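For chain A, the structure is supplied; the task is to place chain B on it using the hints.
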Amino acid sequence: MKIQFEDERPIFVQIAKQIEDGILAGAFPEETQIPSTTEISVNYKINPATALKGINLLVDGGIVYKKRGLGMFVSKGAVKVLDEKRKEEFYDNYIVRLAAEAKKLHISQGEIVSMIERGYDQ
Amino acid sequence: MSGIEVRNISKNFGNVQALKGVSVHFEENRIYGLLGRNGAGKSTLLNIITGRIFAAEGEVLIDGEAALENDRILGKIYMMSEKNYYPESMKVRDAFKWSKEFYPDFDLNYAKTLSEKFELNTAKKIKSLSTGYSSIFKMITALSTNARYILLDEPILGLDANHRDLFYKTLIEKYSGNPCTIIISTHLIEEAAGVIDHVVIIKNGEIITDESRDELISKGYTASGTASCVDSFTAGRNVLGTDSLGGLKTAYIMGELDKNNVPEGIEISKMDLQRLFIELTNA
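Just so you know, the protein sequences line up as chains A and B, in that order. Taken in order, the first sequence gives residues 618 to 739; the numbers are from the working numbering. Taken in order, the second sequence gives residues 76 to 358; the numbers are from the working numbering.
Chain A with its partners taken away, still in its complex shape:
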């Protein structure tokens, strides 16, 4: 896990994304605790305020919640929410671009579908 400082996205967005990845990968199961702001900021060598901003993004999205005096926990149903969210992002990040590039190269819809099938079988 690494933060890319030259990335398009601000650091706090990248932090949120990496925790989401951890939840999707099963590293942070639902109803378990995620690392604290201090742990995250020390690990990534980033400002604690930035780490907090990243976590707050997850709180706003209902992915994690605060247990008073204990820390931040993964919400019940977070995996399902993330799956849906990532599918939408997948459409925006990959399909839309793929279609645009395909049009540029005069690749038909049918050709794309068969390419995707070929890619899936690999």
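Simulated from the structure, these hints should not be mistaken for lab results. Check the hints yourself; a few may be wrong.
Some chain A residues judged to face chain B by a derived CB distance under 8 Å, without partners named [unchecked claim]: (1) I620; (2) P627; (3) I628; (4) S658; (5) Y661; (6) K662; (7) I663; (8) N664; (9) A666; (10) T667.
Because the structure is a prediction, the values reported are computed rather than measured. The beta-carbon is built from N, C-alpha and C at its ideal position, and this holds for glycine as well.
Just chain B now, kept in the frame of chain A:
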């Protein structure tokens, strides 16, 4: 007003005007990056804040009070600099004890723990320390003082990559547990970029940038493509600098960008803090 308020400070060294009417406010409990090229005036500014040298004009207020020759106020600040202010024949551990005389909140146990972490031999005399360990000794002292304002002038001078890594982790741990204002002046911008939340850039004795890291970074971008494409794209934009390679050109630009309105043939990418700094401070 709390924090460090620098008001209209000017300073000359002979004919050289090192600072030209500098005003800046370092707020409480934030981590600042004070950046500038060699000779830009960073150390002069820090030395004036801590009363080590005197300004020709202007004043410095700490938590609303004039700092000049006010020991109670200056006790809130600790500055680590390249220069050594300890008696050279003093041993490291005695220097820690001595620091407690001036900074009553100095945490001797913490200094001991950090010395072990960094493998600093506290039985050694200060003058026998290598450049790297001299930095480590001064940095440990700075973090152990528990001063409200910690000024670090080139804190990682001579430190190897492992120790620099450990330094930033230690700094964040310390700051998380006990927030204070930290001003870091360094040339190794890439490594500090994640830690600082506010950037102050000095160029030729004047402050040219004073804003949050995220805001500053969000405004910088590069546009690359063929020279003619890039030239027509950059017309009317704030171009900081350009690089050319044959017919290809890259322009470093500051300002808002409408990502949905980028002409074909132009590739946009982000500038990191170091690149931005280089472009902003090039002559």
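Status of the A/A666 interface restraint (C-beta, 8 Å, chain B): holds, 6 Å
Hint A/N664 vs chain B: min CB-CB distance below 8 Å? Interface hint status for A/N664: holds (5 Å vs cutoff 8 Å).
Given A/I620 as an interface hint, is its Cβ closer than 8 Å to any Cβ of chain B? Cβ of A/I620 sits 6 Å from chain B, so the hint holds.
Against chain B, with CB atoms and a cut of 8 Å, does the hint on A/S658 hold up? holds, 5 Å
So, A/T667 near chain B? Judge it on the closest CB pair being under 8 Å. Since chain B brings a Cβ to about 7 Å from A/T667, closer than 8 Å, the hint holds.
Grab the minimum C-beta distance from A/Y661 to chain B and call the hint holds if it beats 8 Å, violated otherwise. holds, 7 Å
Return the status of the interface hint for A/I663: holds when the least beta-carbon distance to chain B is below 8 Å, violated otherwise. holds, 4 Å
Under 8 Å, Cβ to Cβ, is where A/I628 needs to be relative to chain B, so tell me if that hint holds or is violated. holds, 6 Å
Does A/P627 meet its interface restraint, that is, does its C-beta lie within less than 8 Å of any C-beta in chain B? holds, 6 Å
Return the status of the interface hint for A/K662: holds when the least beta-carbon distance to chain B is below 8 Å, violated otherwise. holds, 4 Å
Going down the numbered hints, you'll see the structure goes against none, and every one checks out.
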